[in-house]
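Go by the hints and put chain S onto chain U.
Below, each chain spelled out in residue letters.
Protein chains: 2
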Amino acid sequence: MREKILLLLNESDDYISGEEISNKLGVSRTAIWKVIKSLKEQGYEIESVTRKGYKLLSSPDILEEEEIHYNLKTSLIGKKIITYDQVDSTNKEAKKLALQGTEEGTVIVADEQLNGKGRRGRNWVSPKRTGIWMSMLLRPDIRPENASMITLVAGLAVCKAIETTTDIKPLIKWPNDIVINGKKICGILTEMSSEIDYINFVVVGIGINVNTKKFPEELDSIATSLKLQGNKAYKRQDILKKILEEFEICYNKYLETEDLQEIIDEYNSYCVNISREVIVKSKDISITGTVKCVTPKGELIVTDSTGKDTLITSGEVSVRGIYGYV
Amino acid sequence: MREKILLLLNESDDYISGEEISNKLGVSRTAIWKVIKSLKEQGYEIESVTRKGYKLLSSPDILEEEEIHYNLKTSLIGKKIITYDQVDSTNKEAKKLALQGTEEGTVIVADEQLNGKGRRGRNWVSPKRTGIWMSMLLRPDIRPENASMITLVAGLAVCKAIETTTDIKPLIKWPNDIVINGKKICGILTEMSSEIDYINFVVVGIGINVNTKKFPEELDSIATSLKLQGNKAYKRQDILKKILEEFEICYNKYLETEDLQEIIDEYNSYCVNISREVIVKSKDISITGTVKCVTPKGELIVTDSTGKDTLITSGEVSVRGIYGYV
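Residue numbers (this note's numbering), protein chains in the order written: chain U, 1 to 326; chain S, 1 to 326.
You may find that some hints are simply not true.
Which copy is meant is left open, because identical chains are indistinguishable; a pair holds if it fits in one copy or across any two.
Claimed, not checked - Below, a list of computed lysine-lysine pairs in the DSSO-like style, where the Cα atoms sit at most 30 Å apart:
1. Lys-79 with Lys-213
2. Lys-283 with Lys-79
3. Lys-96 with Lys-79
4. Lys-40 with Lys-281
5. Lys-253 with Lys-283
6. Lys-235 with Lys-183
Please keep in mind that the hints were generated in silico from the structure rather than gathered at the bench.
Pulled out of the complex, with its shape left as it was, chain U reads as follows (with noise of 0.2 Å):
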């Protein structure tokens, strides 16, 4: 019923009276008056003026399936969307759905991660309502050796995300960092399972700092958060749906051609490597050289300073800038 009534509340541009939602939905004025007390007391804001009824000033930052859903403009990524309140990491619960059987486009979100992780099993620090902790589940049916370009494709889903619903612009230091300022803003992790030549599933993971107040001291100086960057706090239910609705579209063009090749001029185009002075380095190689772009197969060009190029693939390298951009 509390869904119902805030579904009603959500499409009213006015005031709608207490006979008018007991009439549609069946129940008694006192039932109402008592979902809308509870509702204020989570912090939604609705206004009750007597003989007009009730109407909904703003809403809560709450993840919640009902808020998510409403006006979510996808029809796969999101159809379906399970909110948690506490999760180990959202990577590790859209796995486990994932050996379940659980449909492609399902949505998993906490408000608070307490064992978050990072590439090669880092961490990721993801304290309660101060971020965006979410894994999206994938069943695409293309050649595993093309998975990896999902990486790229969230990237650049969450940074167009994150500039139409706040007024910052984030960069995308390749493959898979959100930087804002040279330091860190969101994570991405993506995960498969395979056979040889079939994809089980995919899972991306992304993980954003929105209104983070402050880092411990050894993250300081390379993490951030949009609230830091924009001296405001952001509602993360507004960047959230974008995300999906982004990602969506970036996804689709990327399973038209099982590559980057209608989104990589943008991905470009927030790519803060580009021009940039770096050092590849991996086991066998180390080249000094600027980046000339990003391929379509998700590929970095470096050129050295006798004018040859090199094609890094995300495997093989960590990519160091020496200009402080890391």
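Using the frame of chain U, we list chain S on its own:
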């Protein structure tokens, strides 16, 4: 105690007296007699001669950790062995254990799979004690895109193991089926969990029809067993041990170069497709041609009637022989 007595019996070329066992293990001769009795009931053939002691003549075909470990010449593969009477599927069990952090080289063996799986979720019939139903857990420090070759490594190891422990020479139908006289005797299902540039784990599932007497009608024309081919029963334990040993050798060679360089000649010597005519079919292409060889990267080279070579990766096609050896 049972395991320790079995080990002593296994290690003695001649009779070992109850007194000697009693002294070595610090248990009463009555206790020893009871264990011997129960071993006999389980199918161990043990001769007891007054004043001489006990002699192990033969062991039953039980897949038990201690029996498999005895004299096993590997250092990584099978260091830990977990045996089950019955599992859902050994791959599923191995993946579950992998997520819990179980170490590389762990081998899961079951007498029966209730829900054995082939590629793309197909069923794999695995009746009680008629075959080898096993999975190996690996954590190779290699690039995810190179992991698909592990299926070929396993295929070669299985062929070599069967050939040396039976009098039958199986062949490999590229990339992952083992066949004898045109019928399938073994399937291999390699599954991987990975990040964009990092392997969490690989599980190699191997199913071998060893002593199957009869297949269901729908499988009869495409499946066979070692027993049906060799007209006798084989000891699963011997074959299994040899697979672990051969796999470790081949796997180490593969890890050295992250490809099949060191073993590809041997692989090709077992490959049934070589010099045969095949039809290669995928979404986009259809090629009829003759198989030249498999490359060190695991791809198939097919030469068409104009002499043009095409490189086939396992990801893109189904390969069908047109002379009944599928």
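Evaluation of the provided hints:
In the homo-oligomer, the alpha carbons of Lys-79 and Lys-213 never lie at most 30 Å apart, since the shortest distance is 32 Å inside one protomer and 49 Å across protomers. For the identical chains of this complex, Lys-283 and Lys-79 are inter-copy neighbours only, at 29 Å across copies versus 43 Å inside a copy, given an alpha-carbon limit of 30 Å. Taking the closest pair of Cα atoms, Lys-96 and Lys-79 come within 30 Å of each other both inside a single copy (18 Å) and across two copies (28 Å). For the identical chains of this complex, Lys-40 and Lys-281 are neighbours neither inside a copy (55 Å) nor across copies (62 Å), given an alpha-carbon limit of 30 Å.
Taking the shortest Cα distances, Lys-253 and Lys-283 sit within 30 Å of each other only across copies (19 Å), while inside one copy they are farther apart (34 Å). Proximity of Lys-235 to Lys-183 under the C-alpha cut-off of 30 Å is restricted to the intra-copy arrangement: shortest distance 21 Å within a copy versus 62 Å between copies.
Of the numbered hints stated above, those contradicted by the structure are hints 1 and 4, listed in ascending order.
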